[in-house]
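Its first residue numbered 896, the sequence shown is counted upward by one per residue in my numbering.
If you're looking for bench data, these hints aren't it; they were derived computationally from the structure. Watch out, some of these pointers could steer you wrong.
As the list claims (entries may be wrong) - Here are the in silico distance ranges between beta carbons for each label pair:
no., residue 1, residue 2, range
1, LEU1171, SER932, 20 to 28 Å
2, GLY1182, SER932, 17 to 25 Å
3, THR987, LEU1171, 40 to 48 Å
4, LEU1234, GLU1110, 33 to 41 Å
5, ASP997, VAL975, 14 to 22 Å
6, THR1177, GLU1240, 30 to 38 Å
7, GLY985, THR1177, 24 to 32 Å
8, ALA992, THR1177, 46 to 54 Å
9, ARG911, GLY965, 34 to 42 Å
10, GLY1099, ALA1277, 57 to 65 Å
11, ALA1277, SER1179, 38 to 46 Å
12, LEU1186, ASP1091, 41 to 49 Å
Heads up, the beta-carbon is just placed ideally off N, CA and C, and yes, glycines get one too.
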Amino acid sequence: MHLGIDRLLRHDLPPRLLTTLRTARIGMLTNDLALTSQLTRGRAALAAEGWSLSLLFGPEHGMDGRAKEGALIDDVRDRVTGVPVRSLYGPTVRPSAEDLADLDVVLVDLPDVGARFYTYIWTMSHMLEACAHAGVAVIVLDRPNPLGGLLEQAEGPMLDEAAQSLVGRWSMPIRHGLTIGELARHWVRTRGIDVDLDVVELDGWRRGDTAIGREELRWMPPSPNLPSAATALLYPGTCLAEGVNVSEGRSTAVPFRVIGAPFIDAEDYAQALADLDLPGVTASPYGFTPLVRDHAGVQCEGVILHVTDAAALRPVHTGARLLSLLAEMYPESLAERSLIPMPGESNWSPLEKLFGVRGAFQQIADGSWNDPATLAVPDWSAAVEADLLYA
């Protein structure tokens, strides 16, 4: 498989794009986690090949990808290329007119996870709008969706746009099944973003391909708490635990593969999950001590999840059922988390923003989403058909 960045390095682009790029003043939205197929940092490979970058833009976790979730990032000078870096996860989440004034084109090369609430895609959405206003072209160097792109596996609910935040701006399902380039095409078309957009397509990726298997050996964590492809498969569901007072395992060896809290009995919870017989996943009793967030420094009991069939797994349904089961077993202990919103965000709770529905905690606790059919998004495939690039 050849990534979009690989094709650019090989000059395997339409002549029109090559002509534009040879004389363009180039900006780039990227980070250390966007590797080439040769496992080198994309921007470093471009610089080594003589491409001139004028300004870099960094998403959440910073240019080096090491900052903790939610940590605001300062502007810096890139230690790899020497180029200034403008943070898009600090006081502002989109580039200013001044940032773009001396650019002709912005390259976007970011890994994605395939979940609506992963912030990199929304940083790209702000870039698309800012470039439209500034008259700057955008070229997305496409990358695979590690969860695959089979649209029949997409899972909602669709985002209520009143939930506005950097984990969701526009209506789409949690597991969306698109590549980052296809998402850019979809938003430009459906949101009326008047930007000159090109997507450098992948070679050798098909919609049924996931990061499980051979590609897992080459897995580069797209952020600090996604250490494996198996973790990425579970993330669209287990990330919902961030909205309640349980630990999802951040700071442990198995983030987003575990659910635990001091009030959980591991044996009882694991057995109750086994009785549900959720497709594609099983759970074992597991204890751990998180170092951050809920229950930091406190011994937690819970479960560790194992993916048994990636094709059968429905991660969002799994995540919602994990929480509703806790509500059934520990109704006096499970509680929703509150969080002060970032500037410009809605005042919805963290779980409401993640799930995309007002009143998400009560609905999940009441079992309103226990049936996987409630998470079906039958109109999504037709809505994105015009934006698809791969079979």
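Check each numbered hint from earlier against the structure, then list the numbers of those it violates in ascending order. 1, 2, 7, 10
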